[in-house]
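> Chains as they are written, first to last, in my numbering: chain A, -1 to 253; chain B, 52 to 369.
Hints should not be assumed to be uniformly reliable.
To be verified - Incomplete in silico selection of chain B near chain A, CB under 7 angstroms:
| no. | residue |
| --- | --- |
| 1 | Leu62 |
| 2 | Gly65 |
| 3 | Thr83 |
| 4 | Ala240 |
| 5 | Val256 |
| 6 | Phe274 |
Unchecked claim - Listed below are the simulated DSS-like cross-link pairs for lysine-lysine, each with C-alpha atoms no more than 25 angstroms apart in a straight line:
| no. | chain 1 | residue 1 | chain 2 | residue 2 |
| --- | --- | --- | --- | --- |
| 7 | A | Lys251 | B | Lys138 |
| 8 | B | Lys81 | B | Lys183 |
| 9 | B | Lys236 | B | Lys84 |
| 10 | A | Lys247 | B | Lys183 |
| 11 | B | Lys360 | A | Lys236 |
| 12 | A | Lys251 | B | Lys367 |
| 13 | B | Lys236 | A | Lys48 |
| 14 | A | Lys61 | A | Lys247 |
| 15 | A | Lys251 | B | Lys265 |
| 16 | B | Lys236 | A | Lys251 |
| 17 | A | Lys247 | B | Lys68 |
| 18 | A | Lys251 | A | Lys61 |
| 19 | B | Lys279 | A | Lys236 |
| 20 | B | Lys196 | A | Lys20 |
| 21 | B | Lys84 | A | Lys241 |
| 22 | A | Lys241 | B | Lys138 |
| 23 | A | Lys247 | B | Lys81 |
| 24 | A | Lys236 | A | Lys247 |
| 25 | A | Lys61 | B | Lys281 |
| 26 | A | Lys236 | B | Lys224 |
| 27 | B | Lys81 | A | Lys236 |
| 28 | B | Lys224 | A | Lys241 |
| 29 | B | Lys196 | B | Lys138 |
| 30 | B | Lys81 | A | Lys241 |
| 31 | A | Lys247 | B | Lys265 |
| 32 | A | Lys61 | A | Lys46 |
No lab work stands behind these hints, which were simulated from the structure alone. The beta-carbon is built from N, C-alpha and C at its ideal position, and this holds for glycine as well.
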Amino acid sequence: MQIYICVKHVPDSAAHITILDKNRIEENVNFLLNPYDEHAITESIKIKDKYPGSEVIAVCLGKQDAEKTLRSAMAMGADRSILIASDALHDSIATARILKAAIEQDGNPGLIFTGKESIDSEGMQTQFRIGALFDFPVATNVVRLDIEADAVIVDTQMSGGIANTYEMTLPCVIGAGRGLNTPGYPTFPDVVKSKKKPVKKIALTDLLVETAHSSTNIIALEPLTQTRTPEEITGNAKEIALKIVNILKEEAKVI
Amino acid sequence: MMKNVGVIIELDNGRVKESNWGMITLARQKNTKLFAFVINAAPGKLKPALELFGITNIVDICFAKDWENNPAKNPAVWAKVLINVIKEYHIDAVFGLSTAMGKDLMPRMAALIEAPLIMDCFSVDLENNLAKTSQYSGKTIATIKLTGDVLLFGVRPNCVEPVEAQVSSEILKFEGTHIHSKGLKVIKAGDTDKSSKINLAEADVIVAGGRGMKNAENFTLLFLCAQKLKAALGASRVAVDSGWVPYSMQVGQTGEKVSPIVYIACGISGSVQHFAGMKTSGMVIAVNMDENAAIMSTCDYYAVADALKIIPELTKLL
């Protein structure tokens, strides 16, 4: 079975974000593999261990520098990868079309993984769009996965610790959630090995993807400024507790 | 031109969840006609409340009982039925809550008709087709232009103050017959109707604990306090990774994103990643032993104190 993992090259969540021209970020910050995608890779490797002969392929739409993220994916165990190089920002509608074309051109997906969302655009939807384009079933925020001959059983995390259990036919699309597994850090030999694994580079224009009639475009980006002015609550434990109660009552009006 | 705007009503035990009212208020804009999409409920009971918030058309979506595979709980079936409703009533824009349910439903709908969708938005301008949402771990606010025949908005719970606007409404019956979901079956749907636990994403008050709570047992102190406050219990990643509380309680970048009226952070240092999940809270109260913790300079009230001593005192007073 061929397992495709759609990965994204995103700014480190701890990076300081500077906005340029009021509509894009200064990209001179540390970029890395989207954290949720690590769970997708880890799960793919587990499936490959269960079904020897499977192939795990990481796919990324991003700038040339995204090769770094693909190397990370391969250090974590992906066999090879595909980079669709593009400097432009693509919305989830276009991204899904492009990823679908790249996967279709490359092989025959038995499973497609994504992270449940990317930590930069936080759109939460590309997995569903890929599923719809392929006409594959989709589950997102998957925290448990059992694979059988022609179906998968997944638990998806709902609110308050509640899970839904779905059965999906194969092929299908899985949006990996954080509870799915614990990604391991690659060892030094893994990293060395990943440097020798192949990265297939495709030009976006070669995929001949038609432009969708719908889109989402970022027209302005501004920093979220903190406007809070902290005020200290002093006293002993009892006095502090009493002051908090007063704030909750008088100011916040929640009790 | 008049726009037909649909709102997907999220129910809890047959009642309209509180967070719907703010969402409806956001959807009610100049030149809009509001359609409430009510799935598998008794719309007659909900009618007076929906009318109070400006809903003129209630679309009562019911499923035939003889369907296989529990379609009533199948998000793939719901998405298809809702797309039919959108077509039937010439809906221009759809609002839903960006809750766990919304996150499993709205992207399915958007994908089926390749419509633009912004999840977790807190501001929508239907005249110019713009939505605002946070990006880059909550460090920026993006204004996004949507282009398409039907626009979808997943609204962050609690982001808009509910405002009433009394109208009268009619109920339109919509039979969602003969729709199946190819490939996805519901084996077990977690009983989201049991409201014994207060939902983190929709709570008015959240009491959250971090490293300063020291162990799992101490979270009981927070739980007792939260119970008195009718608050939800949250946690930082440290508390989750230490195994003190389950992941479902995590607030932050890789956990739940919340906007309660009050967020009480106990023994939480306030990492960038934690802030990403709670910075849109109304009021932040921090209790921490370390006066240099990041949270102390980015909150509204702070006490340099041991949360393990303050919380029991607070619980006594409630």
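> Hints first: check each against the structure and report whether it holds.
So, going through the hints one by one against the coordinates:
1. The interface hint given for Leu62/B is broken, as the beta carbon of that residue sits about 14 angstroms from the closest beta carbon of chain A, more than 7 angstroms.
2. For Gly65/B, the interface hint is violated, the least distance from its beta-carbon to any beta-carbon of chain A being 18 angstroms, above 7 angstroms.
3. Contact between Thr83/B and chain A, as hinted, is not supported at the beta carbon level, the nearest pair being about 21 angstroms apart and thus beyond 7 angstroms.
4. The interface hint given for Ala240/B is met, as the beta carbon of that residue sits about 5 angstroms from the closest beta carbon of chain A, less than 7 angstroms.
5. Annotation: interface hint on Val256/B holds; nearest CB of chain A at approximately 5 angstroms, less than 7 angstroms.
6. A distance limit of 7 angstroms between C-beta atoms decides the matter here; for Phe274/B the minimum to chain A is near 14 angstroms, and the interface restraint is violated.
7. Using a Cα cut-off of 25 angstroms, the hinted pair Lys251/A and Lys138/B is violated, with the two alpha carbons roughly 43 angstroms apart.
8. A C-alpha spacing of about 18 angstroms is found between Lys81/B and Lys183/B, which places the hinted pair at or below 25 angstroms, so the restraint holds.
9. In summary, the hint linking Lys236/B to Lys84/B is not supported, as the alpha carbons are separated by about 35 angstroms, beyond the 25 angstroms threshold.
10. The hinted pair formed by Lys247/A and Lys183/B fails the criterion: a straight-line CA distance of about 31 angstroms is larger than 25 angstroms.
11. Restraint check: the Cα-Cα separation between Lys360/B and Lys236/A comes to about 9 angstroms, which is no more than 25 angstroms; the hinted pair holds.
12. Distance check on the hinted pair: Lys251/A and Lys367/B sit about 19 angstroms apart at the alpha-carbon level, within 25 angstroms; holds.
13. Restraint check for Lys236/B and Lys48/A: satisfied, since their Cα atoms lie roughly 24 angstroms apart, inside the 25 angstroms limit.
14. Taken as a hint, the Lys61/A and Lys247/A pair is broken in the structure, with Cα atoms around 52 angstroms apart against an allowance of 25 angstroms.
15. Under the criterion of a C-alpha separation no larger than 25 angstroms, the hint pairing Lys251/A with Lys265/B is inconsistent with the structure, at around 30 angstroms.
16. At most 25 angstroms may separate the alpha-carbon atoms for a hinted pair to count; Lys236/B and Lys251/A exceed this at roughly 44 angstroms.
17. Proposed proximity of Lys247/A and Lys68/B is supported: the alpha carbons are some 24 angstroms apart, at most 25 angstroms.
18. Between Lys251/A and Lys61/A, the direct Cα distance comes to roughly 49 angstroms. Violation of the 25 angstroms bound is thereby established for this hinted pair.
19. Between Lys279/B and Lys236/A the alpha-carbon distance is near 17 angstroms, which keeps this suggested pair within the 25 angstroms criterion.
20. Restraint check for Lys196/B and Lys20/A: satisfied, since their Cα atoms lie roughly 15 angstroms apart, inside the 25 angstroms limit.
21. A distance of roughly 46 angstroms separates the Cα atoms of Lys84/B and Lys241/A; the hinted pair therefore is violated under the 25 angstroms criterion.
22. Of the pairs offered as hints, the one joining Lys241/A and Lys138/B is violated, with about 55 angstroms between alpha carbons and a cut-off of 25 angstroms exceeded.
23. A distance of roughly 36 angstroms separates the Cα atoms of Lys247/A and Lys81/B; the hinted pair therefore is violated under the 25 angstroms criterion.
24. In summary, the hint linking Lys236/A to Lys247/A is supported, as the alpha carbons are separated by about 17 angstroms, within the 25 angstroms threshold.
25. Using a Cα cut-off of 25 angstroms, the hinted pair Lys61/A and Lys281/B is violated, with the two alpha carbons roughly 48 angstroms apart.
26. Restraint check for Lys236/A and Lys224/B: not satisfied, since their Cα atoms lie roughly 57 angstroms apart, outside the 25 angstroms limit.
27. Simply put, Lys81/B and Lys236/A have alpha-carbon atoms about 51 angstroms apart, too far for the 25 angstroms limit, and the pair is violated.
28. Simply put, Lys224/B and Lys241/A have alpha-carbon atoms about 53 angstroms apart, too far for the 25 angstroms limit, and the pair is violated.
29. For a cut-off of 25 angstroms, the pair hint linking Lys196/B to Lys138/B stands: about 23 angstroms separates their Cα positions.
30. Of the pairs offered as hints, the one joining Lys81/B and Lys241/A is violated, with about 43 angstroms between alpha carbons and a cut-off of 25 angstroms exceeded.
31. Distance restraint check for Lys247/A and Lys265/B: the Cα-Cα separation of roughly 29 angstroms exceeds the 25 angstroms cut-off, and the hinted pair is therefore not satisfied.
32. At roughly 29 angstroms between alpha-carbon atoms, Lys61/A and Lys46/A are farther apart than 25 angstroms, so this suggested pair is violated.
The structure shown violates the earlier hints numbered 1, 2, 3, 6, 7, 9, 10, 14, 15, 16, 18, 21, 22, 23, 25, 26, 27, 28, 30, 31, 32.
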